[in-house]
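Student: Now for the letters of each chain:
Number of protein chains: 4
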Amino acid sequence: MIDKINKITERIESKIISYRRDFHRYPETGWSEFRTASLVAKRLKDLGYTVKAGREVLKEEDMMGLPSEEELEINWKRALTQGGDPFFMEALKGGFTGVVGILENGSGPVVAMRFDMDALDLAESESTDHRPTREGFASINKGVMHACGHDTHTAAGLGIAEILMELKEHIHGKVKLIFQPAEEGVRGAKAMVTAGVLDDVNFLLGHHISSKWKKGEISPGMGGYFATQKFDAIFKGQAAHAGAKPEEGKNALLSAATAVLNLYAIPEHSKGATRINVGKLTAGTGRNIICDRAHLLIETRGENDRVSDYVFKKAIEILNASAMMYDCRLEIKPMGSARSRESDKELAERVEKIAKEIGAFSFVTQKSEGGCEDITYMMAMVQQNGGLATNIGIGANLSEAIGKEVILRGHTPEFDIDEGSFKYTLKLLTAVAMDIFKGNG
Amino acid sequence: MIDKINKITERIESKIISYRRDFHRYPETGWSEFRTASLVAKRLKDLGYTVKAGREVLKEEDMMGLPSEEELEINWKRALTQGGDPFFMEALKGGFTGVVGILENGSGPVVAMRFDMDALDLAESESTDHRPTREGFASINKGVMHACGHDTHTAAGLGIAEILMELKEHIHGKVKLIFQPAEEGVRGAKAMVTAGVLDDVNFLLGHHISSKWKKGEISPGMGGYFATQKFDAIFKGQAAHAGAKPEEGKNALLSAATAVLNLYAIPEHSKGATRINVGKLTAGTGRNIICDRAHLLIETRGENDRVSDYVFKKAIEILNASAMMYDCRLEIKPMGSARSRESDKELAERVEKIAKEIGAFSFVTQKSEGGCEDITYMMAMVQQNGGLATNIGIGANLSEAIGKEVILRGHTPEFDIDEGSFKYTLKLLTAVAMDIFKGNG
Amino acid sequence: MIDKINKITERIESKIISYRRDFHRYPETGWSEFRTASLVAKRLKDLGYTVKAGREVLKEEDMMGLPSEEELEINWKRALTQGGDPFFMEALKGGFTGVVGILENGSGPVVAMRFDMDALDLAESESTDHRPTREGFASINKGVMHACGHDTHTAAGLGIAEILMELKEHIHGKVKLIFQPAEEGVRGAKAMVTAGVLDDVNFLLGHHISSKWKKGEISPGMGGYFATQKFDAIFKGQAAHAGAKPEEGKNALLSAATAVLNLYAIPEHSKGATRINVGKLTAGTGRNIICDRAHLLIETRGENDRVSDYVFKKAIEILNASAMMYDCRLEIKPMGSARSRESDKELAERVEKIAKEIGAFSFVTQKSEGGCEDITYMMAMVQQNGGLATNIGIGANLSEAIGKEVILRGHTPEFDIDEGSFKYTLKLLTAVAMDIFKGNG
Amino acid sequence: MIDKINKITERIESKIISYRRDFHRYPETGWSEFRTASLVAKRLKDLGYTVKAGREVLKEEDMMGLPSEEELEINWKRALTQGGDPFFMEALKGGFTGVVGILENGSGPVVAMRFDMDALDLAESESTDHRPTREGFASINKGVMHACGHDTHTAAGLGIAEILMELKEHIHGKVKLIFQPAEEGVRGAKAMVTAGVLDDVNFLLGHHISSKWKKGEISPGMGGYFATQKFDAIFKGQAAHAGAKPEEGKNALLSAATAVLNLYAIPEHSKGATRINVGKLTAGTGRNIICDRAHLLIETRGENDRVSDYVFKKAIEILNASAMMYDCRLEIKPMGSARSRESDKELAERVEKIAKEIGAFSFVTQKSEGGCEDITYMMAMVQQNGGLATNIGIGANLSEAIGKEVILRGHTPEFDIDEGSFKYTLKLLTAVAMDIFKGNG
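These protein sequences, in sequence, are chains F, U, Y and D. Under numbering that gives the first Met the number 0, the first residue of the first sequence carries the number 0, and numbering increases by one thereafter. Under numbering that gives the first Met the number 0, the first residue of the second sequence carries the number 0, and numbering increases by one thereafter. Under numbering that gives the first Met the number 0, the first residue of the third sequence carries the number 0, and numbering increases by one thereafter. Under numbering that gives the first Met the number 0, the first residue of the fourth sequence carries the number 0, and numbering increases by one thereafter.
Because the hints were derived from the structure by calculation, they are not lab data. Please note that a few of the clues may not be correct.
[To be verified] Pair ranges (Cβ atoms, derived): (1) Y/ILE401 x U/GLY370: 48 to 56 Å; (2) U/GLY419 x D/LYS76: 54 to 62 Å; (3) F/LYS332 x U/PRO333: 36 to 44 Å; (4) F/SER67 x Y/ILE315: 15 to 23 Å; (5) F/ILE406 x D/LYS270: 19 to 27 Å; (6) Y/GLU316 x D/ASP198: 43 to 51 Å; (7) U/ARG328 x F/LYS332: 29 to 37 Å; (8) D/GLY105 x U/GLU247: 36 to 44 Å; (9) U/GLU316 x D/LYS403: 52 to 60 Å.
[To be verified] Straight-line Cα separation of at most 27 Å, DSS-like style, residue types lysine-lysine; simulated pairs: (10) Y/LYS279 x F/LYS235; (11) U/LYS312 x D/LYS235; (12) Y/LYS249 x D/LYS312; (13) F/LYS167 x F/LYS437; (14) F/LYS249 x F/LYS14; (15) U/LYS270 x Y/LYS312; (16) D/LYS270 x U/LYS270; (17) F/LYS312 x F/LYS270; (18) U/LYS244 x F/LYS312; (19) D/LYS244 x Y/LYS235; (20) Y/LYS235 x U/LYS270; (21) F/LYS244 x U/LYS270; (22) Y/LYS312 x D/LYS235; (23) Y/LYS249 x F/LYS279; (24) F/LYS249 x U/LYS270; (25) D/LYS211 x U/LYS249; (26) D/LYS211 x F/LYS270; (27) F/LYS270 x Y/LYS244; (28) D/LYS270 x U/LYS244; (29) D/LYS270 x U/LYS279; (30) F/LYS279 x Y/LYS244; (31) F/LYS211 x F/LYS332; (32) U/LYS437 x F/LYS235; (33) Y/LYS211 x F/LYS244; (34) D/LYS279 x F/LYS211; (35) F/LYS279 x Y/LYS235; (36) Y/LYS270 x D/LYS312; (37) Y/LYS244 x U/LYS279; (38) U/LYS279 x D/LYS211; (39) F/LYS312 x Y/LYS235; (40) Y/LYS279 x F/LYS332.
Glycine included, every Cβ here is placed at the ideal spot set by N, Cα and C.
Isolated chain F, as found in the complex:
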């Protein structure tokens, strides 16, 4: 089986790289992956997958941090001019940019893989030191860039789709390839979970490219993700002339100031570290008008779900009381969230075993870094249903390719990865899936 996988991989490798370069050239931010998702859907359909997209795979009320309708429409139109598939783009309208490809053969376990597709609000480096610029596949969407590697995830997803289709007869069960929007800001996973996409899944594999590790290095079971809630709070009061009629105002700024002080005063929890931050506050209009609107950008974190939920619950209580204090109304807008989750050891060990078989030469044990990932929502659902899940790190440091030591960090204009890492991703994920089917076949 490994041999078969190796052969197909070698055959399609350069095509997958060209996919990646295409996605890189046309980056789209969260909930606006109209071109990307429509091309993914088209390709999956062409390969023979059953394709679900749009409202079938995303529950509207859980789509967090959606851009304005105007922005979505502008981005949709741009996608159309940039070669998005018109048929599938209809289904994605309004930001419903999730796609799932399904391949079924006989009965057996359901193996899902998750690929995130969104880019970042960041202007790509225009230096010729930056290979995408030098080789002509840098972003042409100004101020938007694939600087976190989701272009490689999406392209790898299409490569895996092709390999698995060729191996269809050996599959005993179901493959679900989940292409998720809006991972940045941890906004997109929850709505796919609540839409039911993960309900029947027994095994979940995620992966993330990493420029910290060498090509060929694998971290079979990443973990230590912090749970987080990202949300906006808006106090709405009533304006009044501060000199002439101070008693007529409902001062939203006083509500906001009270909230800020008390939010930071939420007590620590004995069961784990927590964080809270009010990163931004915009309030008021004129100097002598009592402020009638205050808008806060807030984030809570916790090293486990329990303490994260604790600090979020307290924050909401404090915000409500702060609104009441000056007779203001409060609006809370969820803008993103993720869970704290660990990869299952049992599945990670299986990944590690297969990794050796496909020739990945070393294995990194990932420690907690306090970051957040919304695949945790999917892992939580699978684990809750008795399944196993793991998120796999794939080394893709550029040093070997360019002949000098370098770490190009994510979320920077110079970010780049070694495309030679694709073969490891393709081989590893398909081989793990096939190993699962074999065991259950």
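Since chain F is already given, all that's left is putting chains U, Y and D on it; use the hints.
Tutor: Here is chains U, Y and D on its own, set in the frame of chain F:
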């Protein structure tokens, strides 16, 4: 009529002074005027008045700032040993220390007069420069003193009762002599009003002795009283070990601190000056225990009822929100209140006219001083019913009596007044009442 | 003399109206009155006045609320294309848009008049109901409008300049015509005072057109102005990743929130009403970055200088302490200020007398309205030096002109005045000045 | 050597128990151990030790949380009547209740042991279920009780002193027996350290009895102590009548409320858990008086010295800024402090080895519990000088003695220990000391 009044006054003057000295010797603080009120009731009954006392003239739920049951009982027993009237003291048990004497003859207007009876928590001067000490009628109740002149008001009330009874045949209508407890802290008037004592009153006369003005000076219509609300707020949270289980506490001190900051931040009102103060805060137990109880002493004021009610309402909203913020419960205890009120000009001018007739030699026009008086509750009820009310200032400066310039301020251990002022009080109030009855006779 | 004044006024009236319409068409906001002030200077020079302008009449460090250099330059260039006088515009560069015209004859008192020149950030009504639009002199500077009548003040100033020059031989003393920038936001007067412009003035006359009063109504001595301080406070802290390195941040938002709560808690003053408002707060960048910069727009007011200075001083103390609390730096930028001031009764009575002589038919006594005017800085300097000052209200309601009852309030897009009021302004101010010179001649 | 130690221990065991019962009967709280310390000093002297006491072994400015002079004097006099040694009590006056006994023989390492002597403010159980009550050695000092076992520590110290003196010829170096006052509230150790008592120490042994572990169980190297700072903050402002002169007050309660909110808002530290608590706040006098004094009881903790120092430093900054904000003065009173410290593994292993030799039958590995101990100050000094230190847990659960399962927790009225544990303490500490001397002899 003036002649008759003069004669009776001269006859009884020394008795009234001896009454005053007796009350001065046995001072009792608000809601504990058991001896005073029972002797007043006894005397009114002996004179022939219909006497109402206790629960008949005080509505329990509006009695503000009551001492503890233990303290009331201790004071009640002391009163008994100090010569209180056992019969009437039964009715006064539990702090119901109000008394009303009624004298009716024919039909006609109802003329009420109010006399307050309570003393202060203050240790009287033991210096022989202080006449009560020198002449042996200083307080024997340690730490309690008549330092605001309510002993003179009570004694004058009994003198007026005697004169009016002698003039009974000339009365055409009803006289109500209202002896009120707990004026200090503006605690007692409201409960007499809500018990209905003022419901039928057409004319209300109050008076207050003043050491600022010379004997014989009269202020016929004092006013400019600030409205006020005095109350305690108690936050009840939950204790927890601050180091081991910080998340289990409900921090009453954080609620209190939030409340304090926001109470002082209540906006000014364009219709008049307001004040707020948190005078005292007691919170918590041990250094490392999350505070589970915080007790605040609060007072709001306003130069008119509208702005006073505004600042009080805002304060309650802020306290409620502050409790909610840390999941604490809030208890509000009313401890005193008064209204903003002006004397009726029409009645004050009648007082001024009579004052001249009885030989009071000059007239002070009282300006607002931002103080509070709870006779305002009674004035408000009378005025609201279409009646007239005035509060009269009676000069009683001691300078003439002792032959040197001195102002002995109220609420100090050295406070004293010129007892020669009694005759003005007795003559003026009875003459005004008789003038009213004559007009309606 | 009145006759002479009347004649000249009638002769020049239509020219002054055309000046006004020109200024109205090219409105310029505070510190950008490049065209207006340069044309004023040119006209004064042409009339024979000694002209001072720019840095001679404005002290740089007291020029409050200056726009950015970029904005000043854009406005300067616009003024040039719109017919500003190139010679005088050199002196005004950088916002130094004050002009003073001096006329001296013999020795005698110094009589100053103040005219403010700036427009507002407001888009003028484009309705043909609005006469300036209908008759073609509405603002062509988008978003800028003379909606407070300063265009009429400036034009009146030029008319008065012309009349006085014709009467030069009857002047015994010195005339100073002060054309002030940036009255809106009370920003410009102080810098003219500290530049010494008022140092030798014995009599100061200001005037303000009012759409509330009928044409011909005069308020000879307006007053009751509140003192005010308008300023920005900027807290500068240090950013840090709120999740990873919370201890490295210096949270400017916590400083700001602490400041807001405590600023509103500044106690009332027993000597007069005060106000404080934080109208606007802008703080922070990203949701999970500790806020490193918070910008507050603040205003304090007081019904007299003493209480105004009290609340301002307290505010600065609180801001300093709030900065210290989170190790932030604090920058305070003065953005405007005015004093509390009353017109001198003696001078107002003189104005009233003259008003009758010129045929102004009724007299309004202006009550305090709690507003602010920075002529108060000039009045304070003159009064402090033993001189007399008054600010005169000039009725200019449009009802008579358009034949229906209407009040067009200032600072609205529809504001307009009856140009028939010019003759009253011209006659009254020149007649008062000449009366002063006569008396001292 | 072990044999010798065993024999002496068996001989003196019952005497040591009687010492313990004597100390238990006359408990004394921190800085008032006049009787206890004087008897310790006397006994050490009688045994032949060089004794230092009082100011020789305590630096006055570092003595934290001293009672008032009045209380110290009362306790001193009580100690005299209860059999304190008059000679040594002179040296201890004023709370200087530390004692050090020194035994030197030849040259070699300095081995110190620390014994704490103070009792708690707690009323001992009067139930006959409580052995000290039943057997007549319960506290006769009302409201004071040895409920943490320091009586056993002190008695064990005297037993060890006797054994070591008998083994003097085998000692090659110096023994320092340190009897420390005021461990409760972590108040006493620092002043002994800064007085230089630990400067020459190479090995430090502490021990603490534990009712959680069985008799014979040993924890050779306890650790995980949190660092802590306990202190009082007092804001001193200025009183004023809140209604009449609000501007004259300096509101200490507003400073305190601001401090409370901001203290709880101190950000977490990425290098370890921190805690802060304001356990108690007492502020103000009368309802309508602006508060002029606020007293806060505060405690900070950190799981290591670095984060503990961070949170303490931030707290002081916030308190200073809060005082400044209302022009109050701030006084900080240190009331206790301890360091975070671990026992040295090398020394703990030596203790474990010896423990086996003396027949202690099992070994508990102590985990961190977030508690505080001020022996950490002594450990820090020794470790800083290159020495080794360990704090040893000694099991003393009462279950075996009374024949039923029971855990009598410290700081409760029923606390008691199995006196059969003494022999383990005596043998273990002397054997470890002698082992050190042997190795260095």
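Student: Going straight from one Cα to the other, do F/LYS279 and Y/LYS235 come out at no more than 27 Å?
Tutor: 14 Å, holds
Student: For D/LYS211 and U/LYS249, compute the direct alpha-carbon distance and say whether it is at most 27 Å.
Tutor: 30 Å, violated
Student: Would you mind confirming whether the straight-line C-alpha gap from U/LYS437 to F/LYS235 stays at or under 27 Å?
Tutor: Violated, at roughly 63 Å.
Student: Do the alpha carbons of F/LYS249 and F/LYS14 lie within 27 Å of each other, as the hint requires?
Tutor: 61 Å, violated
Student: Straight-line Cα separation of F/LYS249 and U/LYS270 no greater than 27 Å?
Tutor: 17 Å, holds
Student: U/LYS244 and F/LYS312: Cα distance at most 27 Å?
Tutor: 17 Å, holds
Student: For F/LYS244 and U/LYS270, compute the direct alpha-carbon distance and say whether it is at most 27 Å.
Tutor: Given that 27 Å is the threshold and the Cα spacing comes to 9 Å, the pair holds.
Student: Regarding Y/GLU316 and D/ASP198, is the given constraint of 43 to 51 Å on their beta-carbon distance met?
Tutor: 47 Å, holds
Student: Would the pair Y/LYS312 and D/LYS235 pass a check requiring their Cα atoms to be no farther apart than 27 Å?
Tutor: Distance of about 20 Å is within 27 Å: holds.
Student: When you check the alpha-carbon spacing of D/LYS279 and F/LYS211, does it fall within 27 Å?
Tutor: At roughly 50 Å apart (the allowed maximum being 27 Å), F/LYS211 and D/LYS279 break the hint.
Student: Taking the Cβ atom of D/GLY105 and the Cβ atom of U/GLU247, is their distance within the range 36 to 44 Å?
Tutor: 57 Å, violated
Student: Holds or violated: F/LYS279 and Y/LYS244, Cα atoms, limit 27 Å.
Tutor: 17 Å, holds
The structure fails to meet hints 4, 8, 11, 14, 16, 19, 20, 25, 29, 31, 32, 34, 36, 37, 38, 39 from the earlier list, while all remaining hints are met.
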